[in-house]
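Trainee: Residue 21 is where the sequence shown starts when you use the numbering used here, and the numbers rise one by one after that.
Keep in mind that the hints were calculated from the coordinates and are not lab data.
Keeping only pairs whose Cα atoms sit at most 25 Å apart, straight-line, the calculated DSS-like set for lysine-lysine is:
(1) 183 to 381
(2) 577 to 562
(3) 562 to 398
(4) 577 to 398
Predicted model, so just to flag it, every value in this text is computed and none were measured.
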Amino acid sequence: MCAIAGIVASAPLAPDAQRRAADMRDVMTHRGPDGAGLRADSHAILAHRRLSIIDLAGGHQPLSNEDGSVWVSFNGEIYNHRDIRADLELRGHRYRTRSDTETIVHAYEEWGDECVHRFRGMFAFAIWDAPRRRLLLVRDRLGVKPLYWARAGDTLLFASEIKGILASGLIEPRANEAAVPELLAMRYTSGDATLFHGVRKLLPGHRLIFEDGRARVEQYWDLPLDGPDPDLERLNDDALVERFRALLQESVRLRLMSDVPLGAFLSGGIDSAVVTSLMAREMNRPVETFSVAFADRQFSELTYARQAARAVGAAAREVVIDDKDFFGALPRLVWHEDEPIAHPSSVPLHFVSALAREHVKVVLTGEGSDELLAGYGKYPRTLANWSAGGVYERLVPGGIRSAVAASVLPRVPGRLGRIARRSFLAVPRTPGDMYLDNFAGMPLRVQRALLQPSFTREADPYADSLRFFNRLNGHSSLLDRMLYTDMKTYLVELLMKQDQMSMSTSIESRVPFLDHVLVEFAARLPHRLKLNGLTTKRILRKAAAGLVPAAILTRRKMGFPVPFAGWVGGRWNGMAREVLLDRRTTERGVIDGAAVARLLDDHRAGRCAGGDAIWALLNLELWYRTFIDRDGVQTLPAAGPLDAAA
Numbered sequence: 021m022c023a024i025a026g027i028v029a030s031a032p033l034a035p036d037a038q039r040r041a042a043d044m045r046d047v048m049t050h051r052g053p054d055g056a057g058l059r060a061d062s063h064a065i066l067a068h069r070r071l072s073i074i075d076l077a078g079g080h081q082p083l084s085n086e087d088g089s090v091w092v093s094f095n096g097e098i099y100n101h102r103d104i105r106a107d108l109e110l111r112g113h114r115y116r117t118r119s120d121t122e123t124i125v126h127a128y129e130e131w132g133d134e135c136v137h138r139f140r141g142m143f144a145f146a147i148w149d150a151p152r153r154r155l156l157l158v159r160d161r162l163g164v165k166p167l168y169w170a171r172a173g174d175t176l177l178f179a180s181e182i183k184g185i186l187a188s189g190l191i192e193p194r195a196n197e198a199a200v201p202e203l204l205a206m207r208y209t210s211g212d213a214t215l216f217h218g219v220r221k222l223l224p225g226h227r228l229i230f231e232d233g234r235a236r237v238e239q240y241w242d243l244p245l246d247g248p249d250p251d252l253e254r255l256n257d258d259a260l261v262e263r264f265r266a267l268l269q270e271s272v273r274l275r276l277m278s279d280v281p282l283g284a285f286l287s288g289g290i291d292s293a294v295v296t297s298l299m300a301r302e303m304n305r306p307v308e309t310f311s312v313a314f315a316d317r318q319f320s321e322l323t324y325a326r327q328a329a330r331a332v333g334a335a336a337r338e339v340v341i342d343d344k345d346f347f348g349a350l351p352r353l354v355w356h357e358d359e360p361i362a363h364p365s366s367v368p369l370h371f372v373s374a375l376a377r378e379h380v381k382v383v384l385t386g387e388g389s390d391e392l393l394a395g396y397g398k399y400p401r402t403l404a405n406w407s408a409g410g411v412y413e414r415l416v417p418g419g420i421r422s423a424v425a426a427s428v429l430p431r432v433p434g435r436l437g438r439i440a441r442r443s444f445l446a447v448p449r450t451p452g453d454m455y456l457d458n459f460a461g462m463p464l465r466v467q468r469a470l471l472q473p474s475f476t477r478e479a480d481p482y483a484d485s486l487r488f489f490n491r492l493n494g495h496s497s498l499l500d501r502m503l504y505t506d507m508k509t510y511l512v513e514l515l516m517k518q519d520q521m522s523m524s525t526s527i528e529s530r531v532p533f534l535d536h537v538l539v540e541f542a543a544r545l546p547h548r549l550k551l552n553g554l555t556t557k558r559i560l561r562k563a564a565a566g567l568v569p570a571a572i573l574t575r576r577k578m579g580f581p582v583p584f585a586g587w588v589g590g591r592w593n594g595m596a597r598e599v600l601l602d603r604r605t606t607e608r609g610v611i612d613g614a615a616v617a618r619l620l621d622d623h624r625a626g627r628c629a630g631g632d633a634i635w636a637l638l639n640l641e642l643w644y645r646t647f648i649d650r651d652g653v654q655t656l657p658a659a660g661p662l663d664a665a666a
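I would like the entire structure built from these sequences, with the hints used as guidance.
Mentor: What follows is the structure, given as structure tokens:
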């Protein structure tokens, strides 16, 4: 894993272009502390920072073909590169290194842009075809590796992180405020938008061609769109489980390709436990595992992580963090993520990455299983709401339904009331309301209460996600539509989080559940093997039998809970007030200061659960100060006394 960056133009580059490209590269040194490279001609500069994992002596980049006419800068791994290399050598290509990077450049020579279909791995790469003055940018199918680009006149810039593009000095850091409502609601920006005006993501499964001053983006891969495969429907469950397990084992085996030590992130959940167990079957030494927990035991899964580690004889290591660790690291991690941190779990992920980096350079993780196999509780809840809501609409007149939602449900107290207000009794039976808004981090109604009217007056934070939802044909099931949407949106955000938090400590993370061969198989599975009543990820639970302890197989999904809400309801409430009610914040024109003050008071007093909204607004303000105000990494105010009551 590395960092790539570059500057390409249709006209000859300016004399200072090499310095700018070096600045773009070196602001991402954390991604590649083992070496730096730069290759320039009159129209293009490719730059690279290296984290050496394969061919430690010979894999320096940028790297060219035999005659120096085609150059590549590459971030990621091509796990089947040895098989492709054997084919290319039979076709006459001559290799100078053992690296998978060189396979990319020879594959491009042989098959052109379509070479990407032969690659099995995670990747973001740039190819400069000098004789044609043509740039090709490619991002892997699922978005495991990030890639961003921007235009500055007739010049195209690209980098592994947004800060790389900003370091060129050619792009003014301005907020794309139209994207703020979606970011606050969904915890991501879908499509190619970022929170920076003019900076775009290259979407997963897409490539960009830049020649003659024009940029063209194409999609080269997509998830199967036609639902379960009838041939798979006819097979019995045992045969499908065995096939799934074999594909997952193969995916893990491929991801053990490394010339440096590797290990695994291990939580108390089934996903990472299965990956660790399959690693143990392939390795001739104990798997090194790394786990993180909070000092508050109700937010700790270490008991289950230890069970999983003992079951395979792993060499287990742990790090425990507290509130001071969390808030001390938060501002720096906003800089690493380039955008407001969507998930508080990014912070413990950074700490476990730092622990792992003391022992290994590569880790395997369990990311991606929930979106692939319907692992979240929102899927059965939405299906139940949708079905019951249809009956409710047919049997109960609209006037009565409106009265129940407006007058009855608000009076229902406690947990029952919270459940009822997110059910078909209160939520309109539309995908935007029942699926997206109902599980939003900061729903539109909350934004309208806390933000300035100019931000929310015409906002539709669900429009882009609904475009993915509606891309499937009319015969697709609600479950297929939800899974497809989450794979295209929410998962991409989670992968960005994993990439940037692991790379903040110079460690490579690999995701066996997102091998595209496995993903294509899983996408065509019968629904009964994903979701069966309230049982999620049914095929994985069956495949994991005998691999992980029974207690992990049957336990309810915990996710990675973070005690942020309690902290800002207690001794860190003053910190949040100091940041969010500061004059600079309130005069920015984003939040309604009086409304946010009430939110902080009500959350502290226990009158509302405001943790999600406070988290989102705090991170948004830290992002503004770090990037838009150009103040750099912030220092948060100190906590209040230990006995501050929530």
